[in-house]
Amino acid sequence: MTEAGGSGDAREDLELIEAWRAGDERAASALVGRHAPAVARFVASCGERREVDELVQDTFVRAFGAIESFRADSSLRTWLFTIARRLMLDRRRAEMRRRDRVEVSEADAVTQFDALDAVVADETRRQLRRAVEDLSPKQREVFTLRVTEGLTYKEIADVVGTTEGAARVHYHNAVQAIKEFLDD
Amino acid sequence: MTECGNPEFRDALPDLLHGRLDDAARARAEAHVRDCGACRRELALLGSLRAAMPQPAVNVAAIAAALPAPRRRSAWTSHLWQMAAAVVFLVVGGSGVVTYLRRTPRIDSTAMATVAATTRVAAGHESAAASTSGQPADVELAVGYGYTDLTEAQLESLLKDVQDIKAVPMAEPDQSTPDVTIGNGGV
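Chains V and U supply the protein sequences, listed in that same order. Residue numbering for the first sequence follows numbering that gives the first Met the number 0, starting at 0 and increasing by one per position. Residue numbering for the second sequence follows numbering that gives the first Met the number 0, starting at 0 and increasing by one per position.
Hints listed in this document are in silico derivations from the structure and should not be mistaken for laboratory results. These figures come from a predicted structure and were not determined experimentally. Glycine residues also receive a C-beta, built at the ideal position from the N, C-alpha and C atoms. Possibly wrong hints are sitting among the right ones.
To be verified - Label pairs and their calculated CB-CB ranges: (1) U:88 / V:96: 47 to 57 angstroms; (2) V:136 / U:94: 29 to 39 angstroms; (3) V:64 / U:94: 32 to 42 angstroms.
Isolated chain V, as found in the complex (with noise of 0.2 angstroms):
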């Protein structure tokens, strides 16, 4: 089971969905297979630390729960990450509403990310991570689908909700925000 390349390869996914719906219950491995890691590596770089799993679980449910609204003229993986984004937004506009209500106590901060980082010792890529996690919200989302996924500017505005040319002004700026960072 490999993982598309880029965007992915939208023919053999439009076979697998098209499997799937007849009933084969190995297309869908092979769809999760393609494409679960890209969404867990854009969730993840979102600052989602939490339950990464759980999203891209969900995710994946709700795709393939209506995998019938899917149009082809996107790809399956831009529109997981279209899905996934949704998901993280909806969190964490639940998560401000608890904030208000509940004060965070010190345990809730310590998270599995952050046990992950105290494990690794290589300075230079925390210092990496840490540049990319100063940028804004929008900026490191378009950012991590630029650099880490590699999508094109038009579907990384379809993404986000946005267009081509705020795309490309967001991914320079983060370019310039991660420079000006890492130089200090």
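Add chain U to chain V, keeping to what the hints say.
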């Protein structure tokens, strides 16, 4: 850090990183990166950032197991749709026929008489032809009303109409098989 002044190549750096450029574009970008220190540094930075991003493990089997079952249309549902389509066809078709019949004007008695007279006149010609050839004439082909109430002028007009009808060429070619003669014999 100085920036490259060529936005086209700066834009292409992530595509170069992901191998998404075609051969010609990749060759141009690589040639540019060789000569441009700023793009070379930026490409290296992008590669490092990509490698530094978290790579969370995913449980493919668990995700696949959690997926909903595909919504397949059952045979009964398909049959139901076919029956519904047939009912709609019958209702719409029936309504169309009823509407057509209601809008079609009824043939008045004069027109019917015209048809009857025309038929009788044609039959009369055939009868005359039959008597000269010694063959019995067919039964009268009267359809509808009689023509005893027609005036002489109307009868003459009818005869003229019949002649006009005969002058109209047939829309379809004659289906009769021509006689073919082969050699000395005939078929």
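Do the hints match the structure? See the list:
no., hint, verdict
1, U:88 / V:96: 47 to 57 angstroms, "55 angstroms, holds"
2, V:136 / U:94: 29 to 39 angstroms, "60 angstroms, violated"
3, V:64 / U:94: 32 to 42 angstroms, "41 angstroms, holds"
The structure is inconsistent with hint 2 alone, although it conforms to all the rest.
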